[in-house]
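K.L.:
Sequence:
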Amino acid sequence: MTDTNRAVAVPVIRHPIHAFLGPVPIVCFTGALATDLAYAASADMQWANFSAWLLFVGMVFAVLAAIAGIIDFSRKRGIRRQRPARLHSVGNLVVMVFALINNFVHSRDAWTSVVPAGLTLSVLTVVAMIVTALIGRPIVYRTAHGEIQ
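Numbering (the working numbering), first residue to last: 1483 to 1631.
By construction, these hints were calculated from the structure, which means they are not laboratory data. The beta-carbon is built from N, C-alpha and C at its ideal position, and this holds for glycine as well. Don't take each hint at face value.
[What the hints assert, rightly or not] Quick list of simulated restraints, FRET-style, between CB atoms: (1) V1605 <-> L1575: 45 to 55 Å; (2) L1569 <-> A1516: 19 to 29 Å; (3) T1594 <-> R1559: 27 to 37 Å; (4) L1519 <-> R1565: 28 to 38 Å; (5) I1549 <-> R1619: 13 to 23 Å.
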């Protein structure tokens, strides 16, 4: 089967949309960890504001990527048959739960929103995100979105 014959359920130039949307939450959640660390070191309230906005934008794009991923997962039998795809889905759900709780924690007053709960949740989110990305990357880039090569 050639590259031009592969069908992706939600494609953009024969590539799944969730793979395009996924980097936005990765950058936002990692940025939130960086700004949480900056806030913990400086106590400058603007860093806490940056964290809250990065978490919000990351969640918006995470939800959009999840919708596209669910469509791919439900429409493509080749993806559903892969065990890593299920682990990747569950891992992404865990990341979104950590980030959602972190959003609520960051809605509090600056110091209590970051130290220690917000910072801990940011670390957990980023670690879970790295593990999930390592599980999901081969599905998208090595197995051609569930198609047999």
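K.L.:
Determine for every hint whether it applies to the structure shown.
P.N.:
Hints, one by one, checked against the model:
Range check, V1605 to L1575: Cβ separation about 18 Å, and the 45 to 55 Å hint is violated. Our hint of 19 to 29 Å for L1569 and A1516 holds, since their Cβ atoms are close to 27 Å apart. Against the hinted window of 27 to 37 Å, the Cβ-Cβ separation of T1594 and R1559 comes to about 48 Å, which falls outside the hint. In this structure the hint that L1519 and R1565 lie 28 to 38 Å apart at CB holds, the actual value being about 35 Å.
For the hinted restraint 13 to 23 Å between I1549 and R1619, the CB-CB distance of approximately 20 Å keeps it satisfied.
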